[in-house]
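Trainee: As a plain string of letters, each chain reads:
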Amino acid sequence: MSATQAAVPPKQRPAGAGERPVDRRRGSTLLRHLAFALAAALVLVAVSYAVEPFRNFQLATVAAYLCATAGLTVLTGLNGQLSLGHGALMATGAYTVAFCQNAFADRGMTGGWLLPVSLGAAIVSTVAVGAVVGVAAARLRGPYLAGVTLAVAVVVPALAVTFDGVFNGEQGLSVPVEPPPASLGPYFPYERWQLWLAGAATLLALLLLANLIRSRYGRTFRAVRDDEVAARLAGIHVARTQVLAFVVSAATAGLGGALLAVLAQSVSPGAFSLTLSLFLLMAVVIGGLGRLAGALWGAVLLVALPDLTHSVTELLTLSPAVAQRLEGNLPLAIFGITLVVVMIAAPGGVQGLLSRLGRALLARWPARRS
Amino acid sequence: MDRFVFLTIDGLSRGAVYAAFALALVLIWRAARVVNFAQGAMAVAAAYVAYTVAAETGSYWLGFVVAIVAGLLLGALVDRAVMRFVDHTSPLNPVIVALGLVLLIQAVLGMLYGSEFRPAEAPFSRSALTVGGIAVLSPYDLFVFAAIGVVVVGLAWMFSRTPVGLRMRAAAFAPEVSRLLGVNVGGMLTLGWALASGVGALAAMLVIPTELGLHPHAMDLVFVSAFTAAVVGGLDSPPGAVVGGLVVGLLLSYVSGYAGSDLTPLAVLVLLLAVLLVRPGGLFAPVVARRV
Chain A
29 MSATQAAVPP KQRPAGAGER PVDRRRGSTL LRHLAFALAA ALVLVAVSYA
79 VEPFRNFQLA TVAAYLCATA GLTVLTGLNG QLSLGHGALM ATGAYTVAFC
129 QNAFADRGMT GGWLLPVSLG AAIVSTVAVG AVVGVAAARL RGPYLAGVTL
179 AVAVVVPALA VTFDGVFNGE QGLSVPVEPP PASLGPYFPY ERWQLWLAGA
229 ATLLALLLLA NLIRSRYGRT FRAVRDDEVA ARLAGIHVAR TQVLAFVVSA
279 ATAGLGGALL AVLAQSVSPG AFSLTLSLFL LMAVVIGGLG RLAGALWGAV
329 LLVALPDLTH SVTELLTLSP AVAQRLEGNL PLAIFGITLV VVMIAAPGGV
379 QGLLSRLGRA LLARWPARRS
Chain B
2 MDRFVFLTID GLSRGAVYAA FALALVLIWR AARVVNFAQG AMAVAAAYVA
52 YTVAAETGSY WLGFVVAIVA GLLLGALVDR AVMRFVDHTS PLNPVIVALG
102 LVLLIQAVLG MLYGSEFRPA EAPFSRSALT VGGIAVLSPY DLFVFAAIGV
152 VVVGLAWMFS RTPVGLRMRA AAFAPEVSRL LGVNVGGMLT LGWALASGVG
202 ALAAMLVIPT ELGLHPHAMD LVFVSAFTAA VVGGLDSPPG AVVGGLVVGL
252 LLSYVSGYAG SDLTPLAVLV LLLAVLLVRP GGLFAPVVAR RV
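Heads up: the protein sequence lines correspond to chains A and B, in order. Under this note's numbering, think of the first position of the first sequence as 29, with each following residue one higher. Under this note's numbering, think of the first position of the second sequence as 2, with each following residue one higher.
Please keep in mind that the hints were generated in silico from the structure rather than gathered at the bench. Computed from a predicted model, the values in this text were never measured in an experiment. Some clues are possibly wrong.
[Stated by the list, open to error] Where chain B lies over chain A, by a calculated footprint (3+ residues, C-beta under 8 Å):
#1 67–78
#2 103–112
#3 129–143
#4 187–198
[As the list claims (entries may be wrong)] With beta-carbon atoms standing in for the labels, derived distance ranges:
#5 VAL151/B <-> ARG242/A: 28 to 34 Å
#6 ARG85/B <-> ALA388/A: 27 to 33 Å
#7 ALA388/A <-> GLY155/B: 52 to 58 Å
#8 VAL340/A <-> GLU57/B: 29 to 35 Å
#9 VAL340/A <-> SER262/B: 46 to 52 Å
#10 PHE118/B <-> TYR215/A: 46 to 52 Å
#11 PRO81/A <-> LEU284/B: 56 to 62 Å
#12 VAL70/B <-> PRO217/A: 57 to 63 Å
#13 ARG34/B <-> ASP255/A: 16 to 22 Å
Quick reminder that beta carbons are idealized off the backbone N, C-alpha and C, glycines included.
Start from the sequences and build out the full structure, keeping to the hints where you can.
Mentor: Next up, the structure:
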């Protein structure tokens with residue numbers, strides 16, 4: 029074995045030299061993603077000055093959801109594992125951030141570095157939980173995996189009520205968050221600061237995810253999704269790959285949950301119900317499974333659709349009781365129908381339709397020029 | 002000792018309902034290789050219809066019959082209008098579609114009836130009769146056992162002794178060959194969905210009076226328990242589903258009786274994980290060789 033290994037490199041060296049451009053292109057992938065992230069950050073800052081505070085808050089919420097949906101995209105779209113338990117993972121991150129921030133506040137500690145530390149702790153704790161679930165998940169397939177993660181989604185919010193000494197039951201915990209730093213000026217809107225925070229964290233997470241997807245690991249994720257047997261024959265450790273995908277996905281879900289908690293400045297089990305898990309899945313499917321851009325569409329939809337139905341129900345003159353029922357349930361009904369229709373009619377989701385449209389336009393472009 | 006007897010009876014009664022619900026899951030799994038995650042929501046929808054009818058007419062029994070008919074129709078509708086068009090090449094697709102149905106059905110119920118718990122009365126007394134100083138069975142428990150017993154025996158008879166049952170088994174086992182032999186495979190599939198959904202509706206009618214009442218999410222935890230029961234018995238085995246249901250019912254009853262009712266969801270999760278990790282095919286599964 030060692031003899032062949034020793035014998036091979038000299039032969040391959042010319043080929044390796046020939047592959048230099050490939051290496052350079054890999055470097056430019058990172059650069060391209062960095063440029064994307066930088067541009068997105070600039071746009072975000074510009075937008076945060078252009079729109080009113082409430083929209084800023086909504087955009088910050090989109091960013092928090094985007095973390096979770098991007099993670100779920102990696103897991104379900106790229107690795108083929110279905111998780112209905114991401115709401116529970118978000119809850120893990122949210123409660124961790126609440127514990128950390130409360131602990132810091134109790135000790136009277138202040139400083140800009142506290143929040144990143146709390147967010148980091150949230151990621152670490154969610155990674156731990158995700159590793160446990162992921163090790164179990166790697167042994168399960170299809171409906172079994174869905175059933176287990178469904179059980180996780182139903183059970184975890186119930187735990188918050190069971191151990192109400194720690195989690196304070198249905199009421200939940202408050203999350204003390206410091207005001208924006210004084211260097212930004214005394215009248216800096218709080219919502220803008222929230223958008224900056226959530227946007228920065230999410231862009232960082234997306235940058236890492238985008239690079240991961242393009243890397244060797246991303247390829248093994250997809251190989252395992254497409255054909256487990258073939259992946260195994262190609263020397264990929266299937267179970268390890270699946271656990272890794274689950275852990276990565278859990279980390280981003282935890283960050284998303286933590287950001288949500290920081291934005292709302294409170295955590296309660298009601299916010300992380302089974303419905304949230306279904307919402308995340310739906311957002312990912314409608315946006316387009318397997319593409320990070322699809323995760324963005326999904327996250328936007330998660331925030332925009334309830335807002336839209338709210339304004340629609342306000343337009344109709346309804347009795348308050350009926351209006352309340354409609355307002356809570358109309359988005360759910362629309363999500364449900366859309367999910368079914370998208371699955372049947374357009375499995376690629378919004379992003380799939382868009383890229384098909386783009387390809388069709390590109391195909392016609394040279395024809396028109398000639 | 003009294004408490005143990007009481008918890009055992011209570012557990013068996015709850016377990017009978019889980020058994021029926023698990024049986025519904027197994028029916029669809031055998032017919033279509035789909036775990037119907039919308040089963041709980043569909044059953045609640047049938048129960049809502051039943052209680053509306055019962056409230057209008059004042060007759061519980063009319064409502065009971067309506068629930069089962071509504072369940073049958075809803076099952077057939079879901080198969081004909083939705084599931085038939087889903088691409089079944091990836092096992093993810095039917096699951097995702099079923100979850101979309103969950104969202105849709107629960108939202109429609111919430112819009113029509115509101116999201117508060119509605120009291121659902123039982124047709125028989127739920128206070129236990131005492132025999133020799135020990136509280137044993139309530140009339141309602143007897144009713145539950147009788148109803149589930151009739152359904153289980155009826156289904157077993159239908160599948161093993163009638164031409165329709167034979168056709169259904171054939172259609173599930175070898176669709177292509179059955180089609181060549183003149184079996185209406187699509188029709189058998191729809192019949193399977195309808196039967197399963199009807200059994201689910203019956204289970205919902207039996208379990209809802211023993212819990213907090215009617216609510217769009219009333220069956221969420223029941224669904225998880227029943228899924229666990231089906232997995233304990235093995236998704237492919239109807240007798241396994243019945244035994245699994247009773248086992249899960251007993252376990253949950255003991256946990257809630259001796260350790261606190263708050264812990265039952267956790268107990269379900271632990272049992273589900275333990276069974277899947279130790280014996281993924283279920284307790285009654287034959288040994289299957291796995292690829293590679």
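Trainee: So, for every hint listed, does it hold in this structure?
Mentor: Hints and how they fare:
no.	hint	verdict
1	67–78	violated (count 0)
2	103–112	holds (count 4)
3	129–143	violated (count 0)
4	187–198	holds (count 3)
5	VAL151/B <-> ARG242/A: 28 to 34 Å	violated (60 Å)
6	ARG85/B <-> ALA388/A: 27 to 33 Å	holds (30 Å)
7	ALA388/A <-> GLY155/B: 52 to 58 Å	holds (56 Å)
8	VAL340/A <-> GLU57/B: 29 to 35 Å	holds (31 Å)
9	VAL340/A <-> SER262/B: 46 to 52 Å	violated (41 Å)
10	PHE118/B <-> TYR215/A: 46 to 52 Å	holds (47 Å)
11	PRO81/A <-> LEU284/B: 56 to 62 Å	holds (58 Å)
12	VAL70/B <-> PRO217/A: 57 to 63 Å	holds (58 Å)
13	ARG34/B <-> ASP255/A: 16 to 22 Å	holds (19 Å)
In the structure shown, a violation is registered for the earlier hints numbered 1, 3, 5, 9, in ascending order.
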